[in-house]
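**Q** Spelled out, the chains give:
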Amino acid sequence: MKLLLTSSALALAAMTTGAMAQDATACLITKTDTNPFFVKMREGATEAANAAGINLLTYAGAIDGDVEAQVAAVETCIAAGAAGILITPSDSRALAPVVTQAREAGILVIALDTPFEPAETADATFATDNFVAGQLIGQWAAATMGDTSGARIALLDLNASEISVDYLRDNGFLQGFGVDIMDPTDIGDETDERIVGNDVTNGNEEGGRTAMENLLQLDPGVNVVYTINEPAAAGAYEALRAFGLEEQAIIVSVDGGCPGVQNVAEGIIGATSMQFPLRMAAMGIDAIIAFAADGTRPENTPGLDFFNTGVTLVTDHPVEGIDSITSQEALSLCWG
Amino acid sequence: MAERSTASGQEFEQTLNQSDTSVADFANKRRAPLQRVQHTLHANPTLVPIIVLAVAIVAFGLIAGERFFTPFNLTLIMQQVSIIGILAAAQSLVIITAGIDLSVAAIMVLISVIMGNLGVSLGVPTVLALLLGFVAGAAAGLLNGLLVTKIKLPPFIVTLGTWNIFFALNLWLSGAQSIRSQDIDANASFLKFFGTNIILGSARLTYGSLLMIAIFLVLWYVLNKTAWGRHVYMIGDDKEAAEMAGIRTNRTLVQVYMVAGFICAIAAWASIGRVGAISPQSFYEGNLSSITAVVIGGISLFGGRGSILGALFGALIVGVFESGLRLAGVDVLWQVFATGWLIIIAVAIDQWIRKVSA
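Protein sequences, first through last, are from chains Z and C.
The first sequence begins at -18 in my numbering and counts up one residue at a time.
The second sequence begins at 68 in my numbering and counts up one residue at a time.
The hints are simulated quantities; they were obtained by calculation from the structure and are not laboratory data.
Note that beta-carbon positions come from the ideal geometry of N, C-alpha and C, so glycine has one too.
Any given hint might turn out to be false.
[As the list claims (entries may be wrong)] For the chain C half of the interface with chain Z, some residues (derived, Cβ under 10 Å), not all of them:
#	residue
1	His106
2	Gln147
3	Leu238
4	Ala243
5	Gln249
6	Asp250
7	Asn254
8	Ser256
9	Met301
10	Asp304
11	Lys306
12	Phe350
13	Ser390
14	Asp398
15	Val399
16	Gln402
Hey, can you work out the whole structure from these sequences and the hints?
**A** Shown next, in the form of C-alpha cells:
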C-alpha cells in the first residue's frame, strides 16, 4: 500500500513539474489513520482539496509515535513537488530536520493539532487552544457549583510524560475553576487545598476507571472531576457508579468525539470542550492554495504562537456568561 | 559404604586408606543458614512472592496508614489486578513451556471488540457472542501454536508478529472507537457480568476477582495433578528429553497456546465488566504487565520451573506496590520506577536460587 502510494506520488511529481502552478499538490501526514480524530481530519482535507481541484496525498504512521513513517512521508512529498504539507507530528522535536529540508525546498509546512518544538519549525500551526479548552470547562464547573469553597477536585491526566496537551488542558481547567496554577507547564504543583490529587489515565476507559478509584480512595468526597478526554471521563463515571457516588460529582472533559457528546446528552459528562479536526484540515488546505497562488503565508492568531481553530463548550446545562451549544447541536459537529 | 580391607592391595594402593571412603553421598550436611534458605526456596519457588507480598502489605500498611489496610482497599487492589492477573495465568502456561506470548493482551482486546460488535452492534444473542468470542480466542492461540511448532519460529517472533496483527484487526473492527457502557447495558448487559459486586461489609469483591482466583486454582490443579500438566513442565524443562520419553511435544505445545488464547478470551469478557466499556485503546501494554507479574511470581523464563500460583502473587505484588505508593502520595513515575526494580530483583533472586548446590 505504502509502495503504491509512493509510486503514484512519483508519477504525480513527474506530472506536476510539467504542469502549471495552479495544478498544485498538497500532502496530509497524520499520526495514524485509525484514530477517529485523524480520520475526520483526512475527510476535511479531502473535501477541501476536491472542492479546490488540487491533488491531495495522504500518509500516516502505523501507531502514534511512528516517526520513521512520517519522515519517509515528508521526503516523498518533497519528491512529489508538493506546494504544501499538513502534518500532525508524532514527535514534536524529532521531525525538525526533515521539515526544515522541506521548507528549504520551498514547501509551506503547517503543523496541525500538535505544535512543533519550537513552533517556528513549521511555517504555521493550526491547532485547538488546549488551554482555552480547559478554561471553558473549568469556568463552567465553577459556575455550576456556585460556591466552590467546598470543591473536592480530582484531576485525571494523560500519562507520566506530561506532554503539552496534557498540561495545557489541566492547567486551563484549574485556572478556569479559580485555582492558582503556579507553573503553567507543570502538572500537580498546585497547593490549593481543594485538589484531592492527580492520576494518569492513558486517555482510555480502563485508565480512567482505575485513576478515579485511586482518587476516591484518597477522598471519597470528590465532587469535581476533570478528565483529559472523553474515554477517560467514561471510565471515571464507571468508577463513581460502582461506588454509588455518580450523583455527587460533576465530570468535565475535552475533545468532542461523538461517543463523548452522546455522554453529555445522557448526563454522564456535564460539559466538554469540542475541537474541530475537520475545520483544522480544511483551513490548512485553504492556506496551501493561497500560498500556491501568490505566496501568502498564514498568520498566527494575535497573542498566540499558533492559529487558533476554535473550541466550543458543549453542555445541556448552559451557564450565564459562557457561550455553549447543546449536545443535540453538537451531535452534527462531532467527530468519530 | 564399600568395605575395604586395610591390608589388601598393592603397595601403591596403600595410600587409598587415607582417602574419603564415602561414595556419592547425598546425605544432608550442615549448611550455612543462607544456603538453607536457598535450598528451601529452590524446593518451594512460590515462597519468594508470598513473602514479598506479605512484607509489602505490612510495610505499606505502616507507611500509607489506615487507608491502605482496609478490606475496601485490599479488595479494590484485587479488582484492579484481575485482568492483568488472568492474562498472567495465560502467560504462565506459555512461559512454563520455555516460550513467551507477547500477544495475550492484543488477543484479549480483539476478542472484547468481537464480543461487543456481535452482542451490542449487531444484536446477536449475548451468549452466542460470547461463544464466538471464545472460539476466536482459541483460534488466535492456535495460530500462534502452529507458527511455533510447524514453521518452527521462536515464540518471541511469532507473538511479536501476531501482537501487531491482532492489534491492527482490533483497530479495524472497532474503528478505534469505544463501545459505550450505556449501549452495552441496553443491548447486552450480560457482557458486564464479571463487573458484578459482592459486598461484604466494606469489602467489594467483583465476580471478576473471583474468576481470576478460580482460573489460577484450576490451572494449578491441571498443571500439577494431570499427565498433561506434567508434560507441559517437561517440555519446558527439556523438550528433546520429553520427546524421547514419548510425549507428543508439538501437539501439547499447540494445545498450550490454544488454552492461553481461550483464557485471553475469558479475560476479554471479564475486562468488559471491569472497564465498563469496550475500549480498543486499553491494555496496550497488558502483555508486558502480564510478563511482569509472571516474572515477579518466580516463574522461570527459561521454562519448566515455577508454580502458576506465583503469577497470581506476582500480579498482586504489583497491585499492592502501586496502591501503596499512590496512597503514600508518591508520583506516578516512581511507581513505574519501583516496578522496574521489582522485576530485576525478582529475576536476580530466581537466578540465585537456580544455582543451588546439592
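**Q** Indicate, hint by hint, whether the structure satisfies it.
**A** Verification of the hints:
{"no.": "1", "hint": "His106", "in the structure": "violated, 40 Å"}
{"no.": "2", "hint": "Gln147", "in the structure": "holds, 6 Å"}
{"no.": "3", "hint": "Leu238", "in the structure": "holds, 4 Å"}
{"no.": "4", "hint": "Ala243", "in the structure": "holds, 4 Å"}
{"no.": "5", "hint": "Gln249", "in the structure": "holds, 6 Å"}
{"no.": "6", "hint": "Asp250", "in the structure": "holds, 9 Å"}
{"no.": "7", "hint": "Asn254", "in the structure": "violated, 14 Å"}
{"no.": "8", "hint": "Ser256", "in the structure": "violated, 14 Å"}
{"no.": "9", "hint": "Met301", "in the structure": "violated, 37 Å"}
{"no.": "10", "hint": "Asp304", "in the structure": "violated, 36 Å"}
{"no.": "11", "hint": "Lys306", "in the structure": "violated, 35 Å"}
{"no.": "12", "hint": "Phe350", "in the structure": "holds, 6 Å"}
{"no.": "13", "hint": "Ser390", "in the structure": "holds, 8 Å"}
{"no.": "14", "hint": "Asp398", "in the structure": "holds, 7 Å"}
{"no.": "15", "hint": "Val399", "in the structure": "holds, 5 Å"}
{"no.": "16", "hint": "Gln402", "in the structure": "holds, 9 Å"}
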